[in-house]
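S.K.: Chain residues, written in single-letter form:
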Amino acid sequence: MNPDTQYNSRLYPDDNGHFGPYGGRYVAETLMPALIELESAYKKYLPEPEFQKELNSLLKNYTGRPTPIFFAQRLTESLGGASIYLKREDLTHTGAHKINNTLGQTLLAKWMGKKKVIAETGAGQHGVATATTAALFGMECKIFMGVEDIARQAPNVKRMELLGAEVIPVESGTGTLKDAMNEALRYWVAAVRDTFYVIGSVAGPHPYPVMVREFQKIIGEEAREQIQTITERLPDLLVACVGGGSNAMGLFFPFLEDQAVQMIGVEAAGTGIETGKHAATLCTGSLGVLHGSKSYLLQDKNGQIDEAHSISAGLDYPGVGPEHSLLKDINRVQYVAITDQQALEAFSALCRLEGIIPALESAHALAATMFEAKSRPKDDIILVNLSGRGDKDLGIVGPLL
Amino acid sequence: MNRLKNAFETLKKNNEKALVGFVTAGDPDIDISLKIIAAMCENGMDILELGVPFSDPSADGPVIQRSSSRALKHNVSLKTVMEMIEKIRKITSIPIIIFSYYNPIMAYGIENFQPDAIAAGADGVLLVDLPLEESDELTSCWKEIDFSLINLVAPTTPQERMTKIASASSGFLYLVSKTGVTGSDGLDTSEIATQMKILRSVTALPVCVGFGISTTDDVATVAAMADGVVIGSAFERLIEENIDNPELVSIIGRRTAEYKAATT
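Chains as they are written, first to last, in this note's numbering: chain E, 25 to 425; chain G, 48 to 311.
Keep in mind that the hints were calculated from the coordinates and are not lab data.
Model, not experiment: these values are computed from the prediction.
It is possible that part of the hints are untrue.
[To be verified] In the SDA-like style, the derived pairs of lysine to any residue whose C-alpha atoms are separated by at most 20 Å in a straight line are:
id, chain 1, residue 1, chain 2, residue 2
1, G, LYS126, E, LEU311
2, E, LYS139, E, TYR69
3, G, LYS211, E, ALA58
4, G, LYS120, E, GLU195
5, G, LYS120, E, GLY199
6, E, LYS139, E, SER64
7, G, LYS126, G, TRP189
[Said to hold, decoys possible] Negatives, chain G to chain E, calculated, CB over 10 Å:
id, residue
8, CYS88
9, ARG136
10, ALA166
11, THR250
Glycine included, C-beta positions come from ideal geometry on N, C-alpha and C.
Please work from the sequences and hints to get the whole structure.
M.R.: Written out as structure tokens, the structure reads:
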């Protein structure tokens with residue numbers, strides 16, 4: 025499929041954070057001055073050589089970057105089609121790509137003179153990553169997490185507490201990621217004068233979508249070089265899972281202007297799109313405003329937000345980052361949905377064939393990759409983002425496999 | 048006819064301050080909600096802010112979150128709110144402001160919103176998550192001028208930004224009394240006084256102050272500084288506490304009268 029238009033990434037976002045019709049800043053007036061301050065700090069400090077030096081040094085020596093790409097030979101052979109390469113974000117410190125962003129944002133908080141950080145978390149990976157970098161910089165850290173997610177991602181709750189963060193259970197709504205984000209926003213409105221809000225995805229009000237993309241694009245930049253070193257060309261297809269969409273934006277962004285490179289974003293189909301219990305926002309949603317930006321949403325006809333469902337807490341979100349909405353509309357990225365069951369099968373396959381336990385989020389991307397690989401010729405190259413490791417999911421997966 | 052302008056002119060002439068009452072439409076159900084609003088009107092409420100319930104009220108504290116949930120159990124939508132306004136308009140001539148998050152307005156259709164709201168009898172809209180930078184999309188399709196976009200000014204809003212917000216506003220300005228969500232405890236009167244002083248220097252619009260105002264003492268203190276006092280969570284808390292009480296409607300009526308008495 026050819027995109028409708030050549031995507032010129034320099035055009036997005038505009039000065040007010042719009043990606044075409046999406047994005048923007050839809051927040052309470054109390055937060056607007058803080059977002060404007062954040063945007064100007066981000067624009068001022070990020071290009072500074074000292075900031076970049078400190079960030080790059082930490083990414084290398086603390087996070088363990090660059091992460092390798094790995095040819096999944098046995099998985100590839102079992103499918104008999106295209107070659108599958110894994111970008112090993114699961115090998116970063118804390119075990120998921122989330123730390124690329126929290127390191128960047130916490131460092132920015134430090135440069136801004138803030139000593140307190142807050143974050144929302146779903147699967148707990150962003151919460152752990154924020155708690156980690158807050159500990160590294162000696163900052164006070166509060167993590168908002170839905171009670172449902174606290175129950176299903178218990179190991180990560182323990183990790184955050186060990187790292188010195190206070191985990192605040194959120195009981196309102198469905199007790200999942202969206203409610204954690206509501207509560208973090210409520211807390212931030214009161215504490216905005218001295219607290220930095222570390223948003224974990226390419227979602228939320230401007231400048232978060234562009235800032236998080238900026239901190240995550242290192243995934244794609246590394247992968248672009250690595251795959252060319254190994255295969256002497258660009259891949260034919262990139263695949264990444266999409267909840268809010270940060271690991272996908274991180275992988276896709278440096279390839280967006282390479283028209284020959286196709287991209288698939290993988291949402292959670294839960295128990296099946298037809299059952300209504302899913303988190304396939306881009307595949308089935310409609311335009312709306314949630315958590316500070318305009319994007320596709322799961323909502324009813326009156327604009328009330330629907331519950332999302334997924335076996336994977338990190339994908340269990342009824343919204344999506346605004347840039348993904350634009351990339352869908354212009355057909356630059358194709359978005360598909362994978363069920364809980366399909367994700368579990370892919371999870372199992374990677375464990376047994378490659379000795380790698382993937383996060384359930386990443387297992388969604390793997391499932392779509394496996395479908396694609398089967399139907400493609402052997403000389404095609406698929407690069408999939410293995411966004412996190414699956415230790416945190418053993419409690420969920422154990423009884424099901 | 049501009050009900051908001053008339054209301055503030057009349058209040059000024061009588062040396063009174065506005066009692067602005069907020070309730071979530073359809074809490075605890077549509078019938079009782081209409082009776083509560085009628086009782087508030089009969090007991091001195093000067094302006095009604097009628098809340099459209101939203102599933103994810105991220106600018107609201109727990110009291111209004113729960114009131115939203117109760118109303119949503121009765122499937123109260125913006126369409127329902129319009130129908131309620133039609134009924135309320137038959138019994139009162141006070142200004143009615145629709146209070147909402149932006150998403151229900153988008154789902155309703157931004158082109159139809161203003162004509163339908165005016166036809167129902169509303170005088171303006173306040174959107175908690177639609178700051179100045181994003182409001183053109185909505186207001187650019189407005190054809191009638193006698194319909195106000197009520198903008199908020201926060202304790203964090205710098206003076207230059209206040210000027211911009213004021214010049215894009217009509218009806219009145221809503222000063223958020225404190226950093227925090229609705230229903231937060233405690234009133235910082237020196238902060239309000241500081242903000243009021245700056246606001247008076249940048250605008251001639253009436254200013255109503257809200258967030259965290261719950262006692263008649265609070266009302267008296269704020270009324271001395273501003274043109275109006277907004278009470279929301281305190282009414283909602285009273286509804287919640289008396290949800291099974293057959294006297295609920297008259298309790299709200301009496302409390303409205305007490306608040307109104309404190310404004311003068």
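S.K.: Flag every earlier hint the structure violates by its number, smallest first.
M.R.: Of the numbered hints, all hold.
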